[in-house]
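Engineer: Taking the hints into account, I'd like the entire structure generated from these sequences.
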Amino acid sequence: MPAHLLSDVESHLIDTNLFIRFERHETIGLLKRTVTEHDIDLLIPQRVYDELTPESYPYDQPPIDDAIEAGWVLVLDEVDYSNPVVSATMDRFDSILP
Amino acid sequence: MAEAALSNSHPLDTMLAVSDVIQNERLARLYAWVLDLDTPSVEELTSRSASSQTTVYEDVTHLVEIGVVERVTDSQPHRYGARGVDMTIQTGGETAQITPTLLVALAQRDSNDNIGLYTERHGVSGLATAIEYARAYAKSEMTARIMAREQGIPVLEAETILQEIQEILLAVEDEISTALDLEALDADVDERIDE
Chain H
1 MPAHLLSDVE SHLIDTNLFI RFERHETIGL LKRTVTEHDI DLLIPQRVYD
51 ELTPESYPYD QPPIDDAIEA GWVLVLDEVD YSNPVVSATM DRFDSILP
Chain R
1 MAEAALSNSH PLDTMLAVSD VIQNERLARL YAWVLDLDTP SVEELTSRSA
51 SSQTTVYEDV THLVEIGVVE RVTDSQPHRY GARGVDMTIQ TGGETAQITP
101 TLLVALAQRD SNDNIGLYTE RHGVSGLATA IEYARAYAKS EMTARIMARE
151 QGIPVLEAET ILQEIQEILL AVEDEISTAL DLEALDADVD ERIDE
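Those protein sequence lines, which keep their order, are chains H and R. The first sequence runs 1 to 98 under our numbering. The second sequence runs 1 to 195 under our numbering.
The hints are simulated quantities; they were obtained by calculation from the structure and are not laboratory data. Among the hints, a few may not be true.
To be verified - Listed next, with one range per pair, are the computed distances between beta-carbon atoms: (1) R71/R - S56/H: 41 to 51 Å; (2) D65/H - E191/R: 12 to 22 Å; (3) R149/R - E37/H: 34 to 44 Å; (4) L30/H - Y57/R: 40 to 50 Å; (5) I96/H - R26/R: 46 to 56 Å; (6) S19/R - T36/H: 43 to 53 Å.
What the hints assert, rightly or not - Derived pair list, reagent style SDA-like, types lysine to any residue, alpha-carbon separation capped at 25 Å: (7) K139/R - E23/H; (8) K32/H - R21/H; (9) K32/H - Q163/R.
None of these values were measured; they are calculated from a predicted model. Don't be surprised by glycine CBs; every beta carbon is placed ideally from N, CA and C.
Structural biologist: Listed below in structure tokens is the structure:
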């Protein structure tokens, strides 16, 4: 993957769809190589981790646990709602969403 | 009620014949190849198929009769092109669309594990429903989470099938594009914040 597509940020927050897309095209290795070569961590919220690892799932699951064990994917702590910035932002969303 | 796709036959005959294609993976696969190749001949189709040339010829003739494939040459060796299947089925208050995407997806039941398993679990109707969700998903108007909630399936399953079908849609239907109008989206959000 060309380097100019990646900024100098060290970590990227990703959603469920990214892993699924790479897994479907059997290119998880490419994803892993790219992020590890550029010293990047992929961050996922607990919710995304849960979505990627449903119980009693009949299909293959993307190898998220392997990635976490290898250290290039990190599961974030749950957001702390007692933090005023967090609660103010979520209140704002509630007022915008229909 | 089923409206005839593009043929002169009685709508009921068309309905029975199209249901043939839906239930017969060999026919669905043949249709998908005709769609994919540039006006193939029976010989070219046979080279892709495990069937004999006679069977392929009979199947192609069948597809021509129901109007999803047409012969595009006047002389031998004949070549065939796919016609847009656009069939609406209405029963009571519910409607369903039969589109090329459905046939191409059905043709991949064997070769694509994700599509195969999804169809096994949810049936052809479930796949057709997923295609409607995928149309909206391709326009960034639907998410896997919404589909998962509405259909009562895991997010992982919804996201997987949406991605599979989206890729078929992009290949099969020209009008679908993934262009996201970020400016319009930003303007929309700003408008709501101001409200």
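Engineer: Does each hint hold? Answer for all of them.
Structural biologist: Verification of the supplied hints:
Separated by about 50 Å at the C-beta atoms, R71/R and S56/H satisfy the suggested range of 41 to 51 Å. Take D65/H and E191/R: their Cβ atoms lie about 42 Å apart, and the range 12 to 22 Å is violated. Separation of R149/R from E37/H is about 38 Å and conforms to the stated range, judged on CB atoms against 34 to 44 Å. The supplied range of 40 to 50 Å is met by L30/H and Y57/R, whose beta-carbon atoms lie about 43 Å from each other.
Distance hint check for I96/H and R26/R: the Cβ-Cβ separation is about 51 Å, which falls inside the suggested range of 46 to 56 Å. Range check, S19/R to T36/H: Cβ separation about 51 Å, and the 43 to 53 Å hint holds. Of the supplied pair hints, the one linking K139/R and E23/H holds, its CA atoms being roughly 22 Å apart against a limit of 25 Å. A threshold of 25 Å between alpha carbons decides the hint, and for K32/H with R21/H the separation of about 13 Å falls inside it, so the pair holds.
At roughly 21 Å between alpha-carbon atoms, K32/H and Q163/R fall within 25 Å of each other, so this suggested pair holds.
Against the hints set out earlier in the document, a violation occurs for number 2 only.
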